[in-house]
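There are 2 protein chains.
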Amino acid sequence: MAGYHALPLELLAEEFAKLPGIGLKSAQRLAYSIISRPEEDVERFANALLSAKRDIHYCPCCQNLTEMELCSVCADEERDHSLICVVESPKDVTALERTGEYTGVYHVLHGLISPIDGITPDKLRIRELLARLQDGKVREVIMATNPTVEGDATAMYLAQLLEPLKVKVTRLAFGLPVGGSLEYADEVTLFKALENRTAM
Amino acid sequence: MAGYHALPLELLAEEFAKLPGIGLKSAQRLAYSIISRPEEDVERFANALLSAKRDIHYCPCCQNLTEMELCSVCADEERDHSLICVVESPKDVTALERTGEYTGVYHVLHGLISPIDGITPDKLRIRELLARLQDGKVREVIMATNPTVEGDATAMYLAQLLEPLKVKVTRLAFGLPVGGSLEYADEVTLFKALENRTAM
Numbered sequence: 001m002a003g004y005h006a007l008p009l010e011l012l013a014e015e016f017a018k019l020p021g022i023g024l025k026s027a028q029r030l031a032y033s034i035i036s037r038p039e040e041d042v043e044r045f046a047n048a049l050l051s052a053k054r055d056i057h058y059c060p061c062c063q064n065l066t067e068m069e070l071c072s073v074c075a076d077e078e079r080d081h082s083l084i085c086v087v088e089s090p091k092d093v094t095a096l097e098r099t100g101e102y103t104g105v106y107h108v109l110h111g112l113i114s115p116i117d118g119i120t121p122d123k124l125r126i127r128e129l130l131a132r133l134q135d136g137k138v139r140e141v142i143m144a145t146n147p148t149v150e151g152d153a154t155a156m157y158l159a160q161l162l163e164p165l166k167v168k169v170t171r172l173a174f175g176l177p178v179g180g181s182l183e184y185a186d187e188v189t190l191f192k193a194l195e196n197r198t199a200m
Numbered sequence: 001m002a003g004y005h006a007l008p009l010e011l012l013a014e015e016f017a018k019l020p021g022i023g024l025k026s027a028q029r030l031a032y033s034i035i036s037r038p039e040e041d042v043e044r045f046a047n048a049l050l051s052a053k054r055d056i057h058y059c060p061c062c063q064n065l066t067e068m069e070l071c072s073v074c075a076d077e078e079r080d081h082s083l084i085c086v087v088e089s090p091k092d093v094t095a096l097e098r099t100g101e102y103t104g105v106y107h108v109l110h111g112l113i114s115p116i117d118g119i120t121p122d123k124l125r126i127r128e129l130l131a132r133l134q135d136g137k138v139r140e141v142i143m144a145t146n147p148t149v150e151g152d153a154t155a156m157y158l159a160q161l162l163e164p165l166k167v168k169v170t171r172l173a174f175g176l177p178v179g180g181s182l183e184y185a186d187e188v189t190l191f192k193a194l195e196n197r198t199a200m
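In order, the protein sequences belong to chains Y and B.
One point on numbering: in UniProt numbering, the residue at position 196 of the first sequence is 196, and numbering is uninterrupted.
One point on numbering: in UniProt numbering, the residue at position 90 of the second sequence is 90, and numbering is uninterrupted.
Hints are supplied without guarantee of correctness; some may be wrong.
Repeated chains share a single entry, so a pair holds when one copy, or any two copies, can fit it.
Lysine to aspartate or glutamate pairs mimicking EDC-like chemistry, simulated, CA-CA at most 20 Å apart [what the hints assert, rightly or not]: (1) K192 / E140; (2) K25 / D92; (3) K91 / E14; (4) K168 / D80; (5) K25 / E97; (6) K137 / E97; (7) K25 / E10; (8) K123 / E150; (9) K25 / E88; (10) K192 / E14; (11) K166 / E128; (12) K18 / E40; (13) K18 / D122; (14) K137 / E78; (15) K18 / E39.
What the hints contain is simulated information worked out from the structure, not anything from laboratory work.
No experiment lies behind these values; they were computed from the predicted model shown.
Model the full structure from these sequences, guided by the hints.
What follows is the structure in C-alpha cells.
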C-alpha cells in the first residue's frame, strides 16, 4: 500500500530529482505538470534533451559549447582573434556577450584550480590555451575568472604560465558594482575600488 | 553578437523554463547540467518524459492517474470498496497513502469548484463519482478536499448532491497540526480545534 504512485510518474520524478537544485517534492510537482501537457509538447522537450546532449560538443578552438564545427564566436572573422578572454565556464561567455561590448574571442577553462576539490591545472583546458598562443598572433589575454579565491588563484597561475610567451596578460577590474552602494560594499571590494580609482 | 549560446542548449533551456516554478536562469543552469551527464542518463530522462505522458491515463473507476487498466488501489480486493475518499488531485492520494492507515478507495476530482477561475462543477469528475454510488454498495464518502474556500465549497456542494442517495458523507477533521504550536496557529484553526475537541 505504501508509496502509491503510477510507476512511469515515479520514474519521471526520479529523473527530475537528479537535476541540480530540484528536491523530491519539486520533482513530483514537475512530473505531474508533464502529464497535463499536450503530447507534442512533451515530445519537443524529450527531443531537446537528446539534441542538447548529442549535438553539442566543445569548440576545438575556444572549448566553448557549440553544435557547429567551430563556435559562432571563433568562426566570426569580424572579431578580434588577437584578444582572448579566459573564463571559467560557458555561462560566463554568455554574460560577457550580453554586454555587447567585447569584440575579442574567448577561452573556456571548464573549471577553476581548486586542489581541495581535486581540480588540478591539468584538469582544465590550459593546454588548449597554450596551443592557441604558440603562433605569436595573440597580443592580449584577459583573465576573466570570478573574483574568488579559486578564480584569483587560477588567474595568477595562468599569468605565470604565460609570462615566457611575452603576451600581455590583464585581469578584469574589481570595484563597486554599478548601482551598488558604499554602505553595503564589503571591505575588500571597497579597498579594490579605492586602489583602482580612475581619473575623472 | 547578442545572445550567444549553442542553439540546442537554448532550446532545451526554453523547455525547462516552461515547467512550473522554473525561471529562465534556473532553466539555463539545468540545461547546462544535462550536457555534462552521460548520454544514457539523458536518454533515460527523455524516455521517462515520453512514457509518463503516453502510458499514464485516468483510472476508469477512481480517476486517479495510472499506467495499468485499473489503478492499484481500485484493483486491490483487500481494500474496502464501500468507503470512498474524495480528493482534489492525485497528489492528495499519495499523501493519504503515506499515512498507511486508510484502507478504503479514492475518487479524484481533478480540481475544486472555483467559479472565479472558470472551474464549474461540470469540469470536475463528479459524474463519475455519482455513477460509483448508483449500486448502493458504498456506505461512506469522506470529503478530503483542502481546508480552503474552494475545498470547503466543493465538499459542501458534493454533500448536498449526495444527500438524496442516502450515503453517509463525512469531512476530514480540522484542528492543530501535530507538532504545531498554539502560539502560531491562526484564529480559524484554533476555533476549529476548540470546536472539535475530543474526550481524553
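Results of checking the hints against the structure:
Taking identical chains as interchangeable, the C-alpha atoms of K192 and E140 are never at most 20 Å apart, the minima being 23 Å within one chain and 72 Å between chains. Proximity of K25 to D92 under the C-alpha cut-off of 20 Å is restricted to the inter-copy arrangement: shortest distance 13 Å between copies versus 31 Å within a copy. Within a single copy, K91 and E14 get their C-alpha atoms only as close as 26 Å, which misses the 20 Å cut-off; across copies the closest is 16 Å, which meets it. Taking the shortest Cα distances, K168 and D80 sit within 20 Å of each other inside one copy (15 Å), while across copies they are farther apart (80 Å).
Only between protomers do K25 and E97 lie at most 20 Å apart by alpha-carbon distance; the minimum there is 16 Å, versus 36 Å within a single protomer. For the homomeric pair K137 and E97, neither the shortest alpha-carbon distance inside one copy (23 Å) nor that between copies (68 Å) is at most 20 Å. Only within a single protomer do K25 and E10 lie at most 20 Å apart by alpha-carbon distance; the minimum there is 12 Å, versus 26 Å between protomers. For a Cα distance limit of 20 Å, the shortest separation of K123 from E150 inside one copy, 14 Å, qualifies, whereas the shortest one across copies, 57 Å, does not.
With identical chains, the CA atoms of K25 and E88 are at most 20 Å apart between copies only, with a shortest distance of 18 Å across copies and 32 Å within one. For the homomeric pair K192 and E14, neither the shortest alpha-carbon distance inside one copy (46 Å) nor that between copies (38 Å) is at most 20 Å. With identical chains, the CA atoms of K166 and E128 are at most 20 Å apart within one copy only, with a shortest distance of 17 Å there and 80 Å across copies. In this homomeric assembly, K18 and E40 come within 20 Å of each other (Cα to Cα) only across copies, at 14 Å, whereas the closest approach inside a single copy is 24 Å.
Proximity of K18 and D122 under a CA criterion of 20 Å is satisfied in neither setting, with 28 Å inside one chain copy and 38 Å between copies. Within a single copy, K137 and E78 get their C-alpha atoms as close as 16 Å, which meets the 20 Å cut-off; across copies the closest is 79 Å, which misses it. Within a single copy, K18 and E39 get their C-alpha atoms only as close as 23 Å, which misses the 20 Å cut-off; across copies the closest is 14 Å, which meets it.
Hint compliance for this structure: hints 1, 6, 10, 13 are not met, and every other hint is.
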